[in-house]
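Single-letter residue listing:
2 protein chains.
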Amino acid sequence: MSGKDLAGKQPRAVVLVSGGLDSATVLAIARAEGYDCHTLSFDYGQRHRAELSASARVSRSLGAVEHKTLSIDLRAIGGSALTDEDIAVPEAQTPGIPVTYVPARNTVFLSIALGWAEVLGALDIFIGVNAVDYSGYPDCRPEYIEAFEKMANLATRAGVEGHRLNIHTPLMELSKAEIIRRGMALGVDYAETVSCYQASSDGLACGRCDSCRLRLQGFAEAGVADPTRYAN
Amino acid sequence: MSGKDLAGKQPRAVVLVSGGLDSATVLAIARAEGYDCHTLSFDYGQRHRAELSASARVSRSLGAVEHKTLSIDLRAIGGSALTDEDIAVPEAQTPGIPVTYVPARNTVFLSIALGWAEVLGALDIFIGVNAVDYSGYPDCRPEYIEAFEKMANLATRAGVEGHRLNIHTPLMELSKAEIIRRGMALGVDYAETVSCYQASSDGLACGRCDSCRLRLQGFAEAGVADPTRYAN
Numbered sequence: 006m007s008g009k010d011l012a013g014k015q016p017r018a019v020v021l022v023s024g025g026l027d028s029a030t031v032l033a034i035a036r037a038e039g040y041d042c043h044t045l046s047f048d049y050g051q052r053h054r055a056e057l058s059a060s061a062r063v064s065r066s067l068g069a070v071e072h073k074t075l076s077i078d079l080r081a082i083g084g085s086a087l088t089d090e091d092i093a094v095p096e097a098q099t100p101g102i103p104v105t106y107v108p109a110r111n112t113v114f115l116s117i118a119l120g121w122a123e124v125l126g127a128l129d130i131f132i133g134v135n136a137v138d139y140s141g142y143p144d145c146r147p148e149y150i151e152a153f154e155k156m157a158n159l160a161t162r163a164g165v166e167g168h169r170l171n172i173h174t175p176l177m178e179l180s181k182a183e184i185i186r187r188g189m190a191l192g193v194d195y196a197e198t199v200s201c202y203q204a205s206s207d208g209l210a211c212g213r214c215d216s217c218r219l220r221l222q223g224f225a226e227a228g229v230a231d232p233t234r235y236a237n
Numbered sequence: 006m007s008g009k010d011l012a013g014k015q016p017r018a019v020v021l022v023s024g025g026l027d028s029a030t031v032l033a034i035a036r037a038e039g040y041d042c043h044t045l046s047f048d049y050g051q052r053h054r055a056e057l058s059a060s061a062r063v064s065r066s067l068g069a070v071e072h073k074t075l076s077i078d079l080r081a082i083g084g085s086a087l088t089d090e091d092i093a094v095p096e097a098q099t100p101g102i103p104v105t106y107v108p109a110r111n112t113v114f115l116s117i118a119l120g121w122a123e124v125l126g127a128l129d130i131f132i133g134v135n136a137v138d139y140s141g142y143p144d145c146r147p148e149y150i151e152a153f154e155k156m157a158n159l160a161t162r163a164g165v166e167g168h169r170l171n172i173h174t175p176l177m178e179l180s181k182a183e184i185i186r187r188g189m190a191l192g193v194d195y196a197e198t199v200s201c202y203q204a205s206s207d208g209l210a211c212g213r214c215d216s217c218r219l220r221l222q223g224f225a226e227a228g229v230a231d232p233t234r235y236a237n
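Here the protein sequences line up with chains D and Y, keeping their order.
Quick note: to get the numbering used here, add 5 to the position in the first sequence (first position is 1).
Quick note: to get the numbering used here, add 5 to the position in the second sequence (first position is 1).
Hints in this document: simulated from the structure, not taken from any laboratory.
Hints should not be assumed to be uniformly reliable.
No more than 30 Å apart at the CA atoms, straight line, and that leaves these computed lysine-lysine pairs for BS3-like [as the list claims (entries may be wrong)]:
1) Lys73/D to Lys73/Y
2) Lys73/D to Lys155/D
3) Lys14/Y to Lys155/D
4) Lys155/D to Lys14/D
Given the structure is predicted, the values throughout are model-derived calculations rather than measurements.
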């Protein structure tokens with residue numbers, strides 16, 4: 006990716022941001038590759054609302070052209086500890102697909118990103134999925150992303166007109182420690198990000214959920230000071 | 006499809022309903038095939054709001070177990086005459102993909118249906134797309150649906166556990182006249198449906214937009230009286 010399209014302008018990309026460590030790193034990578042980045046977050050009824058302000062903060066710091074938060078009420082379908090108050094966020098690792106899995110979430114988010122990309126005339130979408138230190142979600146696997154990309158090229162005007170839409174997953178094969186080192190090299194300030202599944206409204210992390218444990222371990226392995234603000 | 010699953014219960018299906026002629030017919034077909042139908046509509050900022058009450062009415066009449074309307078603000082991304090007040094609904098046919106196309110709409114709707122199916126333990130999703138009398142939208146073609154189904158099986162818990170998710174498109178190869186005859190045979194009351202892209206709030210159709218023209222022509226070809234209420 007040269008950083009210029011045929012008209013000599015920066016090409017546009019839609020970057021999914023969640024306010025967390027991974028998507029902040031993805032945004033920094035997309036910027037470093039020369040894209041004008043339009044970042045997209047979702048207010049989907051998640052309990053960890055602190056991620057919405059973190060998404061806006063990270064988008065600004067890392068030079069996104071524009072940041073949108075789109076509302077979609079996934080609580081209406083329920084089925085996850087992240088959207089259903091009656092299902093507790095687990096604080097110990099369990100085998101299989103965890104209850105924090107939000108049914109079809111990446112598919113819904115990527116679909117909306119696809120629609121926005123079409124409106125913007127962008128052919129590139131970035132998402133921070135990861136197959137290494139991931140939480141056992143089916144929609145974080147490379148074969149899933151490949152199938153989504155194929156579908157996306159059949160779903161849209163761009164595909165019909167012979168252009169090629171690309172779903173970029175620059176973190177897919179990186180460990181959490183490698184992600185952190187990569188982001189630090191690109192100037193990401195991880196103090197601005199929130200990963201916790203049950204962060205307090207002012208962004209304090211619990212330090213005990215799956216997402217906190219992966220993050221803690223990542224900073225330890227990367228040998229980098231952890232700037233996360235924990236509740237205790 | 007025998008109408009009973011292994012436990013001797015009716016299998017569940019998620020059926021996308023828009024309040025229009027096509028999706029009402031699809032719901033009648035899914036019911037006739039023995040599914041317990043959970044219908045899903047979207048409040049996505051469309052100008053034709055009359056379709057929301059039509060969706061509820063049709064779901065009730067045709068025996069859906071449950072009907073949900075999920076809110077998603079697609080106006081935030083714009084790009085279509087159906088969601089953007091600044092783009093007029095055309096009243097003459099134009100070549101290519103029309104401005105009423107909502108970027109990635111079927112992909113977004115099917116993705117949310119997929120999430121709900123997962124919560125319900127349903128393996129079947131019905132959608133009224135049609136490749137014959139369709140409006141030139143890329144996301145109504147059989148190759149698109151096939152690619153979505155493949156992606157869906159990689160995206161979800163059901164797919165990972167070896168079950169198979171199916172996207173049913175019973176109208177794909179039917180003409181509008183055939184759809185109408187099929188629905189009449191199954192007892193659909195088309196007076197309850199609204200197809201118009203710019204219907205008035207009490208459901209009166211304009212009689213001039215693409216969708217009205219296809220519907221009018223369908224009733225004429227089927228040799229059936231058109232129960233649609235037109236504005237003039």
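Non-conforming hints, listed in increasing numerical order:
Number 3 - this is the single hint that the structure violates.
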